[in-house]
Amino acid sequence: MTTPTLVGYDEVLEHFDPVLGLEVHVELSTNTKMFCGCPTEFGAEPNTQVCPTCLGLPGSLPVVNRSAVESAIRIGLALNCSIAPWCRFARKNYFYPDMPKNFQTSQYDEPIAVNGYLDVELDDGSTVRVEIERAHMEEDTGKSLHVGGAAGRIHGAEYSLLDYNRAGVPLIEIVTKMIPGTRERAPEVARAYVTALRDLLRALGVSDVRMDQGSMRCDVNLSLSPRDSGVLGTRTETKNVNSLRSVERAVRYEMTRQAGVLLAGEAVVQETRHFEEASGTTRPGRRKETAEDYRYFPEPDLVPIAPPVEWVEELRGTLPELPWERRRRISAEWSLTDEELRDLVNAGALDLIEATVAAGAPAGEARSWWVAYLTQQANSRGVTLDALPVTPEQVARVIALVASGELNNKLARQVVDGVLAGEGSPDEVVTGRGLAIVSDDGALVAAVDEALAAQPDIAEKIRSGKVAAAGAIVGAVMKATSGKADAKRVRELVLQRCAPVRG
Amino acid sequence: MSELIRLTAAELAEKIHSREVSAVEVAQAHLDRIAAVDGTVHAFLHVASEAALVSAALVDDGLAAGVAPASPLAGVPLALKDVFTTIDMPTTAGSKILSGWRPPYDATLTTRLRAAGVTILGKTNMDEFAMGSSTEYSAYGPTRNPWATARIPGGSGGGSAAALAAFEAPLAVGTDTGGSVRQPAAMTGTVGVKPTYGGVSRYGLIACASSLDQGGPCARTVGDAALLHEVIAGYDPLDSTSIDEPVPAVVAAARLGASGDLSGVRVGVIRELGGEGYQAGVRSSFDAAVVQLQKLGAEIVEVSCPHFEYGLAAYYLILPSEVSSNLARFDAMRYGLRVGTGASAEEVMAATREAGFGPEVKRRIILGTYALSSGYYDAYYGQAQKVRTLIARDFAAAFTHADVLVSPTAPTTAFPIGDKVDDPLAMYLNDLATIPTNLAGTAALSVPSGLADDGLPVGLQVMAPALGEAVMYRVAAAYEAARDAEDGGPLIHRVPEVPA
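Protein sequence lines correspond, in order, to chains A and B.
FYI, in my numbering the residues of the first sequence are 16 to 518.
FYI, in my numbering the residues of the second sequence are 3 to 502.
Derived from the structure by calculation, the hints contain no laboratory data.
Just so you know, not all the hints are guaranteed correct.
[As the list claims (entries may be wrong)] With a cut-off of at most 27 angstroms between alpha-carbon atoms, the simulated BS3-like pairs for lysine-lysine come out as follows:
| # | chain 1 | residue 1 | chain 2 | residue 2 |
| --- | --- | --- | --- | --- |
| 1 | A | Lys494 | A | Lys425 |
| 2 | B | Lys98 | B | Lys388 |
| 3 | A | Lys107 | A | Lys158 |
| 4 | B | Lys364 | A | Lys107 |
| 5 | A | Lys503 | A | Lys481 |
| 6 | B | Lys17 | A | Lys107 |
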């Protein structure tokens with residue numbers, strides 16, 4: 016394989032218009048599999064969550080999981096799709112060892128949900144409407160582990176291990192229509208769409224949507240049209256895109272790669288490519304000699320699905336507050352500007368702040384904690400906000416301790432540090448580190464006198480009425496008490512001690 | 003030989019339940035018979051002597067303890083087509099590719115038989131994956147027809163039918179995809195029923211063509227078939243295509259029919275199944291049967307089913323298409339035969355399928371793969387599905403004029419082994435009259451209608467609408483009683499003794 020000539024991003028856009036398409040597979044978090052009663056728990060011992068049906072044993076038959084259909088309909092409704100009054104499963108026939116029947120029971124030309132859209136907000140606050148072609152139900156395959164070859168690939172492997180626990184887990188595949196006109200924002204639009212979809216599915220409670228665990232997987236389709244021609248180019252399908260950031264990188268890389276190919280006068284090959292996380296590049300998948308013919312036909316072992324209108328409407332009634340509606344509500348309730356709200360969303364802080372508010376904290380304080388100090392802490396640890404070992408309830412407790420005067424802001428940060436360090440709850444950290452404000456005047460008076468004695472010239476200034484000079488003494492006292500004093504009280508005491516002695 | 007083996011299932015059940023004989027004695031008598039004749043007949047691929055005796059002993063124990071029998075067939079032996087999974091016996095579907103496979107689960111039908119206290123004697127021979135009309139395509143050698151051991155017993159369920167005709171079992175179960183229960187019944191002078199699609203669970207039935215396959219009872223009398231029908235039929239939540247309706251009261255219907263009066267019943271003769279292509283003896287047997295039905299009081303009407311002529315063509319597109327997909331799972335990865343130590347999974351799969359499948363199975367996989375291919379789907383599978391709809395409409399229209407329809411079951415009597423094995427088209431024509439029922443999902447049975455001029459049995463096919471089994475059993479039982487009376491006894495008693 017020759018190394019592709021990459022083209023600068025601006026040059027890509029000078030010559031071409033990118034056309035995006037995204038296929039997202041989502042594993043549903045139903046208790047049981049799509050067509051049998053096996054559990055779907057992630058991470059179980061290999062081949063312990065299997066039965067004759069999901070192993071495709073001779074004679075076994077599928078039975079549709081009603082809650083999977085329910086999830087599919089709810090997803091369809093949330094994506095503004097029409098729900099098919101009648102649809103069927105179809106068999107997609109191809110041979111692969113991790114597919115027990117050597118066909119995948121899927122939906123082909125009769126999906127459960129069609130023609131919807133998702134409004135996706137970009138970083139600058141503008142909105143792009145991504146049209147949804149379809150959402151359909153299917154079953155997942157098993158997993159292959161190729162041992163002894165290069166980079167876990169089947170080619171050159173010594174042997175392969177098969178785990179069928181995942182075989183038959185319900186999947187929903189959500190396919191967009193072609194997304195033209197995104198220009199330089201194509202990578203961002205792709206990422207924003209997958210993000211919005213993830214948030215939506217999470218709000219619906221239908222999936223774990225963990226890209227790192229494979230419960231949400233994205234295939235990126237991309238082609239380049241000659242600039243302003245409207246003529247569609249040859250597309251590639253990039254798989255193995257396992258994070259939101261990768262979605263963006265994969266689009267960008269394919270744009271530059273395809274532009275390089277086209278500008279060199281060559282043709283883009285229609286193929287499946289694999290995203291390489293480490294290098295941020297894509298490489299071709301196994302080249303097929305002939306076009307794959309899946310020989311789809313209606314699954315004869317299942318009867319058609321005809322969801323009654325009443326059921327669909329009942330499910331519509333169960334849709335939760337959708338993420339964008341919630342954002343609108345929150346920005347009104349917390350009086351946020353669009354930009355402030357977007358910052359919260361981008362920081363991944365919205366859920367955390369809302370939970371903190373729900374635990375009794377004022378919105379302003381909650382927001383300030385999460386976007387300032389805690390974001391700094393997360394950044395310095397290289398983790399996302401929600402991965403910090405502190406709960407919204409704990410943050411709310413710290414805020415309450417400040418409000419009641421038991422902590423000042425500086426001490427409060429030390430309490431949070433203690434929580435993050437695993438020293439227990441905020442109250443435990445206060446006790447453990449002895450962080451309560453020193454409110455014993457006796458101790459403070461002594462400290463104030465000591466500071467005044469140490470800086471007699473300043474003491475004299477204060478006594479002569481230059482009240483502003485008191486700050487230096489307050490600072491010294493705070494330093495001497497390791498910040499445990501209430502600065503306001505210290506100031507009062509300083510002024511008291513320096514009051515002109517009346518004869 | 004023990005006289006027990008010549009009794010009907012109903013007679014055996016009566017003797018066992020009244021403790022005149024034990025279920026163990028009955029099982030043993032049949033096991034002895036199998037040991038004596040199956041070397042010649044080769045109806046069985048597996049005989050489960052020990053399990054059969056244990057199961058029979060349990061029935062005896064229950065009866066001795068005063069417990070009511072689990073079903074009207076408790077303690078009665080049965081031969082099970084080797085296409086239903088059995089946790090305690092191998093299950094091969096007549097194929098080398100499943101040789102040595104021991105299923106980890108019982109088919110729903112197997113479970114029902116066990117729960118009913120039926121003694122499962124073993125697993126019967128069949129054309130590989132139920133594809134064939136002679137049982138010659140079994141990977142384990144052909145079954146011989148007890149009426150003439152140089153001839154085929156029909157297929158695919160030749161083993162089950164031959165076991166009945168050779169008195170190796172009083173009951174059997176078959177599966178009927180295009181006639182695999184009815185045509186062997188016709189060829190062996192026994193009764194075979196293809197229930198309404200969805201009437202008997204397919205869970206654990208190794209699929210040939212999912213939308214056509216249906217398990218059904220096989221017996222030597224209509225009444226016995228009815229008893230077995232009520233044991234094996236009924237809704238199964240594990241089979242999505244199973245019908246959630248009460249099982250038709252076929253036992254009562256068969257009893258009613260046996261009383262001999264068919265007045266008020268309209269019997270339709272299908273014009274399109276009465277033309278060319280029948281052996282003369284088959285034709286005359288059918289004509290005599292129609293006369294007999296008329297004598298019983300039935301009103302004979304002629305009906306037309308103009309699309310039946312496309313049935314065979316449609317069937318040979320739909321069936322191979324489903325087969326090509328259903329049989330994809332036999333890939334050496336998880337169970338069954340594995341051949342080759344190729345460098346890749348694909349090579350092992352290809353080598354195993356090449357070695358493990360017989361010629362007819364390969365032929366149909368190739369046909370089906372082609373018919374489903376992109377660009378051909380509409381012309382083949384799509385068109386065939388339309389024909390299927392038209393045939394169902396033909397039936398619906400005919401059933402407005404008639405309660406049941408009749409035809410010869412098969413165009414000829416049993417042909418010699420080797421005669422058609424290299425001529426697939428000639429073999430396929432065997433199922434001309436039986437296929438429309440499978441395409442429409444309706445019910446039909448074959449009941450003996452005497453011997454043809456060549457001394458071999460002929461079958462009369464009685465067809466009914468979906469879930470119309472009661473009237474079908476009634477007509478068949480009435481006809482059977484009248485024919486037996488006229489003949490001076492059941493036809494099956496004229497089967498010659500099997501040469502050792």
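- 27 angstroms limit on alpha-carbon distance, applied to hinted pair Lys107/A and Lys158/A: Given pair Lys107/A, Lys158/A holds - Cα atoms ~18 angstroms apart, limit 27 angstroms.
Is the Cα-Cα distance between Lys494/A and Lys425/A 27 angstroms or less? holds, 12 angstroms
Check: If you draw a straight line from the CA of Lys364/B to the CA of Lys107/A, is it 27 angstroms or shorter?
Finding: holds, 20 angstroms
- For the pair supplied as a hint, Lys98/B and Lys388/B, is the alpha-carbon distance within the 27 angstroms limit? violated, 35 angstroms
Is the straight-line distance between the alpha-carbon of Lys503/A and that of Lys481/A 27 angstroms or less?
holds, 18 angstroms
- Is the straight-line distance between the alpha-carbon of Lys17/B and that of Lys107/A 27 angstroms or less? violated, 54 angstroms
Hint violations for this structure: numbers 2 and 6, all remaining hints satisfied.
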